[in-house]
Amino acid sequence: MTSHHRAARHRRPRKVLALGLPVAAAAAGVLAYGSVFGLGPGADGRAVAAEVPAGAADAADGFASVDALGQNGTYGGRNGRTVTVTTLADLEKYATAPEPYVIVVAGTIAVAPVGKEIKVASDKTIIGSGTSGHIVGGGFFLGQGVHNVIIRNLTIRDSYQGVWNDKEHDFDAVQMDGAHHVWIDHNDLRHTADGLIDVRKDSTYVTVSWNRLSNANKAFGIGWTENLVTDITIHHNWIRETEQRNPSTDNAAHAHLYNNYLEDVAGTAITSAYGNYARGRTRMVLENSYFQGVRNPVIKDATAALVQRGNLFSGTSGRNESGGTAFDPRASYAYTADAAADVPARVKAGAGPRTSVGRPATAATTGAAAGTLTVAKDGTGQYRTVQAAVNAVPAGNTSRVVISVKPGTYRETVSIPANKPHVTIQGSGASRKDTVIVYGNAAGMPKPDGSGTYGTPGSATVAVRSDDSHLRNLTVSNDFDEAAHQSLTGHQAVALLTTADRIVLDSLIVTGDQDTLELETAAKDKPGRVYMRNSYVIGNVDFVFGRATAVIDQSIITLKKRWNGTSAGYVTAPSTPAGRKGILINRSTINGDVTAGSFHLGRNWHPGGDTTADPQTTVRDSELSAAIKRTPWTDMGGFSWKEDRFAEYGNTGPGAGPASTERPHLTATQAASQEVADWLGDWTP
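For the sequence shown, the positions run 1 to 685 when this note's numbering is used.
For the record, the hints were derived by calculation from the structure and aren't laboratory data. Accuracy of the hints is not assured; some may be wrong.
If you anchor each label on the Cβ, the simulated ranges turn out as follows [said to hold, decoys possible]:
1. A112 - S673: 20 to 30 Å
2. D449 - A331: 49 to 59 Å
3. T631 - D449: 37 to 47 Å
4. N165 - P98: 19 to 29 Å
5. V676 - E168: 28 to 38 Å
6. K642 - P527: 26 to 36 Å
7. P417 - D479: 35 to 45 Å
Derived pair list, reagent style BS3-like, types lysine-lysine, alpha-carbon separation capped at 25 Å [to be verified]:
8. K377 - K406
9. K433 - K377
10. K433 - K406
11. K201 - K167
12. K447 - K433
13. K447 - K406
14. K201 - K116
15. K167 - K119
16. K629 - K642
17. K406 - K348
18. K93 - K167
Idealized CB from N, CA, C, for every residue including glycine.
Build out the structure end to end from the sequences listed, making use of the hints.
This is how it looks when you write it as structure tokens:
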């Protein structure tokens with residue numbers, strides 16, 4: 001907003017709140033920013049409120065991402081609560097529940113009796129907390145019809161019963177019989193009595209990625225059916241010191257294997273019988289994988305089709321076969337394979353559980369010139385500042401560059417320019433609190449070069465001006481001290497500014513006072529879509545504002561008191577152009593430690609008196625605290641909010657209220673056209 005209109009708003013009385021906890025978190029007695037999306041371990045070891053770990057909101061790639069069988073990709077339990085478990089009883093309780101859950105395994109859980117496979121119901125994410133999540137002596141079972149399951153960042157080990165090629169004990173790490181839409185990612189699977197992974201009985205739409213599979217007779221079996229049903233993607237796995245089924249793929253309709261590293265270390269007690277095996281009528285595409293020391297690295301039945309391309313073989317012996325016509329994986333999903341020569345180093349570094357699991361850097365997610373750039377204040381990375389890493393990204397990059405920022409507080413401003421798209425800045429810590437980018441500029445502050453004041457957009461701590469860029473697992477803060485600068489005109493102080501299209505903001509804390517989160521477009525006639533999820537936004541005056549088409553989904557919006565301890569404010573100030581979507585707050589919570597009835601949900605911003613603007617905010621399916629006024633919308637700059645687009649639908653909590661002329665509600669028909677997909681159009685984040 002212009003300085004003129006923003007300054008005028010300072011003369012209004014304000015009451016606001018201090019950083020508050022979501023209701024559920026406060027009731028559980030947990031700390032701010034932690035444990036707000038579900039449940040975690042309490043004093044008695046049972047489940048209470050827990051923070052969603054970074055990566056829990058990720059969706060699968062490969063065949064698990066395909067819309068089929070009534071399921072739109074694989075995203076696990078991200079639509080449900082988060083629970084942290086430390087006991088077998090709690091793990092079973094939530095894994096078998098009919099509701100969606102993100103289940104965070106914190107610590108080692110011993111399975112009893114040994115070999116028991118915990119039954120997993122649909123719509124679940126089971127994810128390790130950092131590298132601490134271990135399942136010992138058992139595994140998981142996904143039965144007929146179970147779907148939309150993610151098993152991620154876990155170590156599953158040690159159900160071995162002393163017999164190497166064990167025919168008596170069917171103790172797997174993960175077994176599925178007739179399941180679909182399953183993603184097994186970033187796990188360490190080892191030393192089981194039977195297979196590490198079994199994908200059986202027409203299970204399909206499965207992706208297995210970035211896992212370590214080791215120290216077992218049978219690594220990975222697929223099939224055991226006469227039907228050509230299974231569609232499976234297997235990529236970036238490190239399969240080492242396993243004898244057979246590496247994997248063995250029987251009657252798979254489409255098996256796409258790429259960028260896997262198969263290693264048989266010389267001089268050990270374990271010797272590979274074979275590597276990748278296309279059995280029966282399997283159709284397999286095998287590309288850009290690396291085979292080290294493996295006997296019979298690639299074999300096929302006469303009835304199978306196996307297309308090889310780009311693979312490398314070092315110290316291998318025996319059969320290495322291909323033949324027939326398979327299929328084109330790109331007809332089902334997009335991917336970019338790494339060069340086979342890069343696979344050993346990349347997979348060794350990236351496979352298995354990680355402190356902060358997220359999408360790893362591959363050729364599909366990194367720039368060809370820059371790869372993954374690391375930032376660390378202590379000099380252990382490639383760069384000491386985030387901006388230095390951004391500067392190193394080549395202009396005009398055509399594929400994703402990941403800037404991985406180690407934990408610490410980085411006092412700097414960061415700007416991703418418009419000519420550097422596909423940039424991801426992500427914290428590498430276990431929590432979004434671990435990596436903080438902070439600065440304290442305000443709109444009315446003079447620039448050091450004497451060229452005037454910063455203005456509202458120029459005050460941003462982080463500015464994302466390039467399309468297809470992402471921020472993940474970070475805190476972005478503007479800590480401008482209003483109390484110390486009362487003589488300054490222009491207290492707008494932006495933490496995060498976006499001015500581009502297809503921006504993903506995931507697992508963030510964005511905190512400030514006035515104008516915390518500015519969501520704009522590069523120009524009034526340019527698109528600018530933003531999808532924020534699993535995040536906190538904290539502020540007091542117009543702290544979510546701008547003309548972008550923006551979705552804030554499954555997040556916490558925390559109302560904050562003003563510098564002088566008073567409570568009053570406005571959550572949103574959209575300046576949406578006519579004919580476009582504005583701000584959608586969906587499945588979120590708005591609360592904070594402020595006076596009851598002191599905050600508006602929004603007001604209509606017409607920048608510079610622009611009569612063509614048609615501001616829009618919709619708040620739906622969200623929980624509103626008592627801080628929200630009974631008449632939640634108000635005018636701004638002489639324009640009536642009733643002539644613009646403000647509405648609610650399906651909200652709950654003490655701050656929700658019935659429909660009236662002062663509180664419009666969408667009808668069910670109207671709500672059906674104001675979903676997240678309607679906001680984002682042809683873009684799926």
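Each hint tested on the structure:
1. A112 - S673: 20 to 30 Å: violated (52 Å)
2. D449 - A331: 49 to 59 Å: At roughly 54 Å between Cβ atoms, A331 and D449 fall inside 49 to 59 Å, so the hint holds.
3. T631 - D449: 37 to 47 Å: Between T631 and D449, where Cβ atoms are some 45 Å apart, the hint holds.
4. N165 - P98: 19 to 29 Å: violated (38 Å)
5. V676 - E168: 28 to 38 Å: At 50 Å between Cβs, range violated.
6. K642 - P527: 26 to 36 Å: holds (27 Å)
7. P417 - D479: 35 to 45 Å: Since the Cβ atoms of P417 and D479 sit about 24 Å apart, the hinted range of 35 to 45 Å is violated.
8. K377 - K406: holds (8 Å)
9. K433 - K377: holds (16 Å)
10. K433 - K406: holds (12 Å)
11. K201 - K167: holds (19 Å)
12. K447 - K433: Distance ~29 Å between K447 and K433 Cα, so the pair is violated.
13. K447 - K406: Cα-Cα ~30 Å, so violated.
14. K201 - K116: Distance ~20 Å between K201 and K116 Cα, so the pair holds.
15. K167 - K119: holds (22 Å)
16. K629 - K642: With Cα atoms ~16 Å apart, K629 and K642 stay inside 25 Å; holds.
17. K406 - K348: Holds: K406 and K348 sit about 20 Å apart, inside 25 Å.
18. K93 - K167: violated (30 Å)
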